[in-house]
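Let chain B serve as the given structure and place chain F on it in line with the hints.
Chains as they are written, first to last, in the numbering used here: chain B, -10 to 99; chain F, 10 to 124.
Derived by calculation from the structure, the hints in this document are not laboratory data. Take these hints with a grain of salt, some might be off.
List time: in silico DSS-like cross-link candidates among lysine-lysine, alpha-carbon distance up to 25 Å [unchecked claim]:
#1 B:Lys96 x B:Lys26
#2 F:Lys23 x B:Lys26
#3 B:Lys31 x B:Lys96
#4 B:Lys86 x B:Lys46
#5 B:Lys26 x F:Lys18
#6 B:Lys96 x B:Lys46
Covered, in the sense of this in silico footprint (three residues per stretch, anywhere, with C-beta under 8 Å from a C-beta of chain B), are these stretches of chain F [to be verified]:
#7 20 to 27
#8 72 to 85
Restraint ranges, calculated between C-beta atoms of paired labels, are given here [stated by the list, open to error]:
#9 B:Glu28 x F:Thr112: 14 to 24 Å
#10 B:Ala59 x F:Asp82: 33 to 43 Å
#11 F:Met28 x B:Glu45: 37 to 47 Å
Here the structure is a predicted model, which is why all the values come from computation and not from measurement. Here a beta-carbon is modelled for each residue, glycine too, at the ideal position from N, C-alpha and C.
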Amino acid sequence: GENVEQHPSTLSVQEGDSAVIKCTYSDSASNYFPWYKQELGKRPQLIIDIRSNVGEKKDQRIAVTLNKTAKHFSLHITETQPEDSAVYFCAAGGTYKYIFGTGTRLKVLA
Amino acid sequence: NAGVTQTPKFQVLKTGQSMTLQCAQDMNHEYMSWYRQDPGMGLRLIHYSVGAGITDQGEVPNGYNVSRSTTEDFPLRLLSAAPSQTSVYFCASSFLTSGGRETQYFGPGTRLLVL
Chain B
-10 GENVEQHPST LSVQEGDSAV IKCTYSDSAS NYFPWYKQEL GKRPQLIIDI
40 RSNVGEKKDQ RIAVTLNKTA KHFSLHITET QPEDSAVYFC AAGGTYKYIF
90 GTGTRLKVLA
Chain F
10 NAGVTQTPKF QVLKTGQSMT LQCAQDMNHE YMSWYRQDPG MGLRLIHYSV
60 GAGITDQGEV PNGYNVSRST TEDFPLRLLS AAPSQTSVYF CASSFLTSGG
110 RETQYFGPGT RLLVL
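If we strip away everything but chain B, and leave its shape as in the complex, we get (with noise of 0.2 Å):
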């Protein structure tokens, strides 16, 4: 079936240094990359997407960068703050299905 790869499981990073995640799919016929924190007993929010036909997005500390052909996808936080610790999910299908990948447990260290 249709999957989505999601790493690293944990990253511990110091505060005001950058994080990356990445995520590779499976199915080619997804066009839409969404974001996800959680934080620790809450629901998750969405906070960056992209669609098939964008190499990259940005939102102030936050960037997400795909590449279809190569069939993964990546989400960049830069001078990364103590309220960033969470857990992210990505996930990759389109038009509201998704199969999202298996959560990076983000930790910033003061």
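Same frame as chain B, now just chain F:
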């Protein structure tokens, strides 16, 4: 605007019991979905609906039923609970913006324990 609401917040069931997890949204979104979240496995789609009267299966539909009689409500039924259905269940509703963003709003979740 309450957004997406789910009840109950927490439930304990015995193996073989049935129950319904409630989900409601007041944003007039056409699309709604149910996910389960297990440690180390991310979110997996159970069932989804693209509008009242229309439902379809996701990745892990076995053991669950859904119906969508109104735009607002999308209940999830466990027919005969099994320990493997112990999980956190999230309901979500979505809409498509003019810019192509498929924003999913998640409910607060229901934590289910099956003994």
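Status of the hints after comparison with the structure:
1. For the hint pairing Lys96 (chain B) with Lys26 (chain B), the CA-to-CA distance comes to about 13 Å; that is within 25 Å, so the pair holds.
2. For the hint pairing Lys23 (chain F) with Lys26 (chain B), the CA-to-CA distance comes to about 33 Å; that exceeds 25 Å, so the pair is violated.
3. Our distance criterion of 25 Å between C-alpha atoms is met by Lys31 (chain B) and Lys96 (chain B), whose separation comes to about 16 Å.
4. Our distance criterion of 25 Å between C-alpha atoms is met by Lys86 (chain B) and Lys46 (chain B), whose separation comes to about 21 Å.
5. Between Lys26 (chain B) and Lys18 (chain F) the CA atoms are separated by roughly 21 Å; this keeps the pair inside 25 Å, and the hint holds.
6. A C-alpha spacing of about 24 Å is found between Lys96 (chain B) and Lys46 (chain B), which places the hinted pair at or below 25 Å, so the restraint holds.
7. With 0 residues carrying a beta carbon less than 8 Å from a beta carbon of chain B, the region 20 to 27 of chain F misses the three-residue requirement, and the given coverage is violated.
8. Given as covered by chain B, the region 72 to 85 of chain F fails the check, having 0 residues with a CB less than 8 Å from a CB of that chain where 3 are the minimum.
9. Look at Glu28 (chain B) against Thr112 (chain F): about 18 Å separates their beta carbons, and that is inside 14 to 24 Å.
10. In this structure the hint that Ala59 (chain B) and Asp82 (chain F) lie 33 to 43 Å apart at CB holds, the actual value being about 42 Å.
11. Checked against the hint of 37 to 47 Å, the pair Met28 (chain F) and Glu45 (chain B) passes, with Cβ atoms roughly 45 Å apart.
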